[in-house]
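**Q** Heads up: the sequence lines are chains H and F, in that order. By the working numbering, the letter at position 266 of the first sequence is numbered 266, and the numbering carries on one by one without gaps. By the working numbering, the letter at position 362 of the second sequence is numbered 362, and the numbering carries on one by one without gaps.
Fair warning: there could be bad hints in the mix.
Note: identical chains are not told apart, hence a pair may lie in one copy or across any two.
[Stated by the list, open to error] Simulated pairs of lysine-lysine, BS3-like, Cα-Cα distance not exceeding 30 Å:
hint : residue 1 : residue 2
1    : Lys138    : Lys99
2    : Lys144    : Lys99
3    : Lys116    : Lys16
4    : Lys116    : Lys138
5    : Lys343    : Lys99
6    : Lys99     : Lys20
7    : Lys236    : Lys182
8    : Lys20     : Lys138
9    : Lys236    : Lys176
10   : Lys110    : Lys20
11   : Lys99     : Lys306
12   : Lys16     : Lys99
13   : Lys110    : Lys99
14   : Lys112    : Lys227
15   : Lys343    : Lys138
16   : Lys343    : Lys315
Hints are computed from structural coordinates only; laboratory data are not their basis.
What follows is each chain in one-letter form.
Number of protein chains: 2
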Amino acid sequence: MPGVFSREEYQSRVQKTREKMAGRGIDLLVVCQPANMNYLTGYDGWSFYVHQCVLLHQDQGEPMWLGRGMDANGARLTTYLAEDNIREYADDYVQSTVKHPMEFVADVIKEKGWDKGVIGVEMDQFYFTHSAYAALEKSLPQAKFSDANALVNWVRVVKSEAEVEFIRRAGLISEKVMDAAKNAINVGVRECDAAAAVAHAQYSGTEDYAGDYPAIVPLMMAGEATKTPHLTWTEKVYQENEAVLLELSGAYRRYHAPIARTIFLGENPPRLLTDTANVVLEGLDKALETIKPGVTVEEVEEAWRKGIAHSTVVKESRIGYSFGLNYPPDWGEQTISIRPGDKTVLEPNMMLHLIPGIWYDEVGFEVDASVQVTSDGYEHVYDYPLELIIKD
Amino acid sequence: MPGVFSREEYQSRVQKTREKMAGRGIDLLVVCQPANMNYLTGYDGWSFYVHQCVLLHQDQGEPMWLGRGMDANGARLTTYLAEDNIREYADDYVQSTVKHPMEFVADVIKEKGWDKGVIGVEMDQFYFTHSAYAALEKSLPQAKFSDANALVNWVRVVKSEAEVEFIRRAGLISEKVMDAAKNAINVGVRECDAAAAVAHAQYSGTEDYAGDYPAIVPLMMAGEATKTPHLTWTEKVYQENEAVLLELSGAYRRYHAPIARTIFLGENPPRLLTDTANVVLEGLDKALETIKPGVTVEEVEEAWRKGIAHSTVVKESRIGYSFGLNYPPDWGEQTISIRPGDKTVLEPNMMLHLIPGIWYDEVGFEVDASVQVTSDGYEHVYDYPLELIIKD
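Okay, chain H solo, but in the shape it has when bound (with noise of 0.2 Å):
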């Protein structure tokens, strides 16, 4: 299996951080960044639990893959690189307290005379450790290093066609989801049963295409937890009269579709809980609606600010950002964050997840959009209502 897209595809999203290292300067790049790694070589393997990375040179070759011996078989399998840029590290390097992987990189980089020009490090990205970072610098004296935090995870946010039908074949697995989650959630059932119901549609996919797992698992909050996001299941059983907060999301080869509904218990949910939702509600429908190539990140924000202005409700954290491909721990690129300051201008083929999540003490209310930008607009790549859903 070659890598999943075409060689084109391949070809041109290396060709387009080529550009982005060219326009800093940059004459290597070293790319830990799981998601990044897999999107300029399409290689995917639970094995970023140990070093690896992706090196892509200026104006050399097709990247290299180098990582633990172990994983190589699994490089070749993934990825559409040749036999002599798949290179692996004995096994003693693995969590060893006297050498660290980054030697081995660095003996690799000077192996191609490429440890004189400017090398590009993703500074703040999990997965690549301080230590990393130190063991290059100590190894490659004569390189200078420049910090390429995010840069192939920008390239990432335009899709190309290929992309975008995955992120919709992620969608249709997550309206299977979040029905999943809503047959499951009944008063008297465990939380972890209707977590395990989800596991099972997001895995099992749809008839005509397979589920991966997501990069963040079942987020349930039930009860007293609906006054935070981030927390998972527990062994409880839903009361009568509960609120639940499902984040969630399908996946497809690696991108996502995330999906975040909130399911009422009873007939007759708590004003503070509807008052909510309809306000939520409006203020996501006015962001969505300036939704288009042209306009800023920041504008998408303040119509939904000034959508819920009237209103009680206020929301002091970003209310979407960028999604894609990725790996645990985010589903996120961490590129566009929606909120004032964010200048970036919309194009077709970003995708955006707006979640406006608000937390009160005493209840919270979730609800999403993930919308692809289109030529003139914004579509869903689901098809799920917009609403707090009552099961009494």
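Since the structure of chain H is provided, determine the placement of chain F on it from the hints.
**A** Showing chain F alone in chain H's frame:
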């Protein structure tokens, strides 16, 4: 829920950590690794895609949790910490290009007057980026930084009785998980549907114990992919006479009990597979026989290596590691590596995952043992036959 263990247990963990800090002359520890944060405070949230930490001073009070504003309620719900020890940063620190969350952390350190001593940071833990280090260093010019990598990990190596109980519960789930895989994997079934059955068993758990998400998703390599570990699943259907490698775990409240087996779908497994299985099982048995307090980790590996010396099987990578509490991307603890040179002396209540995987270009074989070191030997943390599983 003031943490899931007793206050005494958390106090004991903090005390042991402080002893290690004293041994290295560390005044203040900045803990970013999510399992280490959980270990010291109980904090359990999927918020580790943004910067966060726990601060532990050598001689002042309980630990402090510092994180994103929207996650502070999660800290209130899952930790035992006093309100004053939960500190939240504003949302515009998140993935900002103009300021870093570690600047907020530095402000708190200065406020507490902790900026003039030796500050230990986890230099090679994922979730502690180079930028995080650089921001701390720049903001705290009077501090001296010391590498406290894996300091808390090493405290975690010896489990309390309560932790042993949690791992045993995870083990009960692991048995169900492997049964689910065994039942679901059949000729003609899509790999993704088998993965869905596995995930369902993982999250659902047992009647008495809710499952939690393992730190690694199901690794399920079939057919050609058995030449490598660390791949997940695809849309392909299982074929007659295919081997399937399974690297799975149950999890209970973030504690693991890894379980790996190999299934062959057919009556007549190839000779290479059965021969390898026999040798590996024999070597594993020899390694297990050596396990008891006072033995060094490298002696365990040596017993394995001698046990297979009569065969053609060669294993260049470590045959296992310490496991327990963890978050993605790894259920291993980044402490013990079962390989030559690891002179760690075994103690009761250490947990070892022995997984001498073999990946030939033709076919692979995986089997494992997750064991607790006891006062005079070892015990498996779950009960599952050590064999090549043949499904004809």
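**Q** State for each hint whether it applies.
**A** We went through each hint and held it up to the structure:
no.: 1; hint: Lys138 / Lys99; result: both (12 Å within a copy, 27 Å between copies)
no.: 2; hint: Lys144 / Lys99; result: both (22 Å within a copy, 23 Å between copies)
no.: 3; hint: Lys116 / Lys16; result: within (23 Å within a copy, 46 Å between copies)
no.: 4; hint: Lys116 / Lys138; result: both (13 Å within a copy, 27 Å between copies)
no.: 5; hint: Lys343 / Lys99; result: between (43 Å within a copy, 17 Å between copies)
no.: 6; hint: Lys99 / Lys20; result: between (32 Å within a copy, 23 Å between copies)
no.: 7; hint: Lys236 / Lys182; result: both (17 Å within a copy, 29 Å between copies)
no.: 8; hint: Lys20 / Lys138; result: both (26 Å within a copy, 28 Å between copies)
no.: 9; hint: Lys236 / Lys176; result: both (24 Å within a copy, 20 Å between copies)
no.: 10; hint: Lys110 / Lys20; result: within (23 Å within a copy, 38 Å between copies)
no.: 11; hint: Lys99 / Lys306; result: between (55 Å within a copy, 27 Å between copies)
no.: 12; hint: Lys16 / Lys99; result: between (34 Å within a copy, 27 Å between copies)
no.: 13; hint: Lys110 / Lys99; result: within (17 Å within a copy, 34 Å between copies)
no.: 14; hint: Lys112 / Lys227; result: between (54 Å within a copy, 29 Å between copies)
no.: 15; hint: Lys343 / Lys138; result: between (37 Å within a copy, 28 Å between copies)
no.: 16; hint: Lys343 / Lys315; result: within (19 Å within a copy, 53 Å between copies)
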